[in-house]
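Participant: Same order as they appear, the protein sequences are chains A and B.
Mapping of the first sequence onto the working numbering: residues 1 to 247, in sequence order.
Mapping of the second sequence onto the working numbering: residues 1 to 415, in sequence order.
Simulated from the structure, these hints should not be mistaken for lab results.
Certain hints may be false.
[What the hints assert, rightly or not] Have a look at the derived ranges for each label pair, beta carbon to beta carbon: (1) B:E8 / A:Y15: 34 to 40 angstroms; (2) A:G63 / B:I393: 37 to 43 angstroms; (3) A:N176 / B:A389: 40 to 46 angstroms; (4) A:S31 / B:G386: 53 to 59 angstroms; (5) A:K237 / B:E8: 39 to 45 angstroms; (6) A:G63 / B:V303: 50 to 56 angstroms; (7) A:L76 / B:L26: 42 to 48 angstroms; (8) B:I393 / A:F141: 31 to 37 angstroms; (9) A:K121 / B:I393: 15 to 21 angstroms; (10) A:G175 / B:A389: 42 to 48 angstroms; (11) A:N176 / B:L26: 56 to 62 angstroms; (12) A:S65 / B:N407: 21 to 27 angstroms; (13) A:K121 / B:N407: 30 to 36 angstroms; (14) A:K121 / B:I306: 51 to 57 angstroms.
[Said to hold, decoys possible] Covered, in the sense of this in silico footprint (three residues per stretch, anywhere, with C-beta under 8 angstroms from a C-beta of chain B), are these stretches of chain A: (15) 49-60; (16) 82-91; (17) 103-113.
Don't be surprised by glycine CBs; every beta carbon is placed ideally from N, CA and C.
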Amino acid sequence: MAKDIIQCSNITKIYNTGGIETVVLKGITFSVKEGEFVAIMGPSGSGKSTLMHIIGALDTPTGGSYFLDGKDLSKLSDDELADIRREKIGFVFQAFNLLPRTTVLRNVELPLIYEGVDKEKRARVAKKALTNAAFPERFWFHHSNQLSGGMMQRVAIARSLVNDPSIILADEPTGNLDSHTGEIVLNTFQSLNLQHGKTIVLITHELYVAEHADRIIHILDGKILKEEANHHKRIAKHEPEPLTSAF
Amino acid sequence: MKTEDLFEETYSAITVNKVRSGLTMLGIVIGIASVIAMVSIGQGTQASISASINSLGANLLIVMPGAQRSFGSTVSSGLGSSHTLTPDDANAIGSSVQNVAAVSPSVTAREQVVYKGNNTNVTVTGAVSAYPQVRNVQIDEGSFISDTDNADANRVAVIGPTVLQTLWNPQGTATATPDQAIGQIIRIGGQNFTVIGVTVSKGGSGFANQDNVIYVPLLSAQRYFIGDTSYVTEIDIEAASQQSMTQVQNDVTNLLLERHNIADPTSADFNILNQADIVQTASSVTNTFTLLLASIAAISLLVGGIGIMNMMLTTVTERTREIGLRKAIGAKKADITLQFLGESVMLTFAGGLVGVVLGWVASIAISYFSGITTTVSIPYVLLAFGVSAAIGIIFGYYPAKRAASLNPIEALRYE
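Could you put the whole structure together from the sequences, leaning on the hints where they help?
Facilitator: See the structure below:
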């Protein structure tokens with residue numbers, strides 16, 4: 001039996017801006033097992049982004065507890081959260097968030113730079129991550145802003161892999177991509193999950209995208225609407241992108 | 001984060017926008033360069049003033065008569081106008097004060113000098129053989145006044161290089177050489193004198209021209225120009241060493257007070273100028289001058305620093321998303337602070353380096369083209385360099401703190 005990597009119990013989040021309290025999360029309880037591929041789904045304003053920030057150790061909950069890999073993150077300071085993010089979490093954002101005018105390889109190395117890993121090891125780990133993210137070797141030394149969206153997102157996926165995180169947190173990873181490249185990115189996630197046993201939490205508002213996961217957690221108005229195993233899991237087609245479209 | 005990685009990140013961030021970084025750096029470059037150039041002008045001026053004061057002589061004390069006063073009157077007729085110093089005072093100083101290397105009493109008068117129809121008006125100094133030693137006068141050719149010349153009141157003269165050129169080369173066509181003058185007879189104040197020597201140039205110009213002078217024996221000057229052998233207008237004393245100057249000054253004061261029968265030192269009829277005091281006064285003037293120049297330059301450095309801060313703040317705003325990402329993937333506050341601080345310090349450091357070179361070149365150019373002596377002093381170069389790095393830290397700190405304190409969630413969302 002795989003252990004729980006994420007344990008959220010009764011998480012609440014209340015924002016207080018100018019004396020007005022906004023309750024965004026109203027008691028969320030769920031867990032994710034090691035090696036699982038979970039999608040968190042909900043329309044905009046449902047609180048899924050706030051939940052993602054808490055799961056991603058970017059923010060702390062107002063109430064409740066959050067254990068990541070057996071460690072309580074609900075009361076940590078900013079710098080302690082930064083350590084958790086560096087060691088245990090790999091982020092993939094909708095807007096890719098790569099450093100422009102910087103090579104693909106260095107973009108992937110970035111988390112290791114902050115960890116103080118030496119140059120040779122950094123390059124070795126980064127190249128392995130790029131290979132696992134199905135990123136073609138001939139673009140390793142291109143600048144990130146010379147790449148297509150799909151390629152950029154795979155650089156971002158590789159970046160999320162380098163620190164060998166406990167979870168990969170993908171926030172609308174296909175949101176900025178067309179359906180074809182979105183498919184390729186989803187395929188990358190699925191193969192990372194199946195072949196490398198990575199735990200993946202995918203946040204999306206599209207049912208189609210969510211259906212690539214093993215389990216779907218539906219969120220609405222800050223509460224879990226329903227939590228169900230995905231019995232008709234979609235398998236993203238492994239269809240190599242025509243590389244000429246990279247530019 | 002390792003130092004070399006920090007350096008690499010910083011370097012690539014600066015080189016992304018080369019024009020902007022260059023322009024911002026220019027502010028520091030100009031600031032540092034002007035500080036160095038200005039201070040070098042100040043220091044050069046100070047050095048040349050000290051040198052010209054020292055050219056008067058080494059460890060020199062000058063005794064001058066006090067102002068002439070009449071009883072019941074508060075009218076002062078000006079320093080050095082009374083006739084209270086006597087040649088015997090000079091002899092007494094030489095014989096009874098310790099640590100005196102040489103004593104040189106002298107008188108001065110302005111006289112018309114004529115040679116073969118060429119005229120000039122010169123300060124004629126009646127001097128003794130000790131004068132060259134005390135007043136740092138060097139003989140180019142010929143000889144100075146001897147003790148025999150003085151005892152016999154001989155009509156001999158030693159002329160300065162300016163006098164030589166004025167009398168022997170009035171049109172300024174060909175430079176007159178000393179041997180043209182030696183042995184010739186010139187008329188000083190209507191009296192014939194034989195030129196026996198020419199002095200080496202000491203520099204100076206205008207009223208303080210130390211080259212437009214004629215030296216004759218003290219007794220000759222007293223007899224033929226002043227008509228009174230009872231007083232001298234100045235007694236120059238060379239102390240044996242710099243350390244003994246104060247002692248010599250005190251002893252001379254006491255001796256002269258005693259000889260002149262004055263009980264109250266405040267009503268002394270003479271004044272003693274200490275060369276060290278003159279140097280000190282002059283350097284306090286040039287120090288103020290240097291400070292003034294340096295503070296003007298420092299203002300431009302400050303403006304340069306504000307330029308750095310402005311650019312860093314713009315950079316932080318522009319790179320908000322990047323900062324958000326860096327924080328999301330695990331950069332701590334300290335990492336972000338160091339990174340942005342590193343950028344501003346690298347800018348000012350590089351600017352400081354270029355500024356030092358430029359300032360150095362500028363000060364060489366200033367002394368080459370304008371003739372003002374400049375001295376680039378290494379401590380000031382190091383100071384300017386340190387200041388430029390400090391400016392990077394001071395003006396980079398606020399933007400760096402601002403970057404580090406960004407909320408990663410909001411920073412990632414920033415459009």
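Participant: Determine for every hint whether it applies to the structure shown.
Facilitator: Tested hints:
1. The given range of 34 to 40 angstroms is respected by B:E8 and A:Y15, whose C-beta atoms sit roughly 39 angstroms from each other.
2. Our hint of 37 to 43 angstroms for A:G63 and B:I393 holds, since their Cβ atoms are close to 42 angstroms apart.
3. The hinted range of 40 to 46 angstroms is satisfied by A:N176 and B:A389, whose Cβ atoms lie roughly 43 angstroms apart.
4. For the pair A:S31 and B:G386, the supplied restraint of 53 to 59 angstroms holds, since their beta-carbon distance comes to about 57 angstroms.
5. Between A:K237 and B:E8 the CB atoms are about 40 angstroms apart, so this pair conforms to the stated range of 39 to 45 angstroms.
6. Judged by the Cβ atoms, the range 50 to 56 angstroms given for A:G63 and B:V303 holds: they are separated by roughly 52 angstroms.
7. Distance hint check: the CB atoms of A:L76 and B:L26 are about 45 angstroms apart, consistent with the given range 42 to 48 angstroms.
8. Between B:I393 and A:F141 the Cβ separation comes to about 35 angstroms, which falls inside the hinted range of 31 to 37 angstroms.
9. A beta carbon spacing of about 32 angstroms between A:K121 and B:I393 contradicts the range 15 to 21 angstroms that was offered as a hint.
10. Checking the proposed 42 to 48 angstroms range against A:G175 and B:A389 shows it holds: the Cβ atoms sit about 45 angstroms from each other.
11. For the pair A:N176 and B:L26, the supplied restraint of 56 to 62 angstroms is violated, since their beta-carbon distance comes to about 40 angstroms.
12. As the Cβ distance of A:S65 to B:N407 is approximately 22 angstroms, the hint placing it in 21 to 27 angstroms holds.
13. Separation of A:K121 from B:N407 is about 32 angstroms and conforms to the stated range, judged on CB atoms against 30 to 36 angstroms.
14. As the Cβ distance of A:K121 to B:I306 is approximately 42 angstroms, the hint placing it in 51 to 57 angstroms is violated.
15. Against chain B, the segment 49-60 of chain A contributes 4 residues with a C-beta closer than 8 angstroms to a partner C-beta. That satisfies the three-residue criterion, and the hint holds.
16. Given as covered by chain B, the segment 82-91 of chain A passes the check, having 6 residues with a CB less than 8 angstroms from a CB of that chain where 3 are the minimum.
17. Residues of the segment 103-113 of chain A with a Cβ under 8 angstroms from some Cβ of chain B number 3, which satisfies the need for three, so the listed coverage holds.
Of the numbered hints listed earlier, those contradicted by the structure are 9, 11 and 14.
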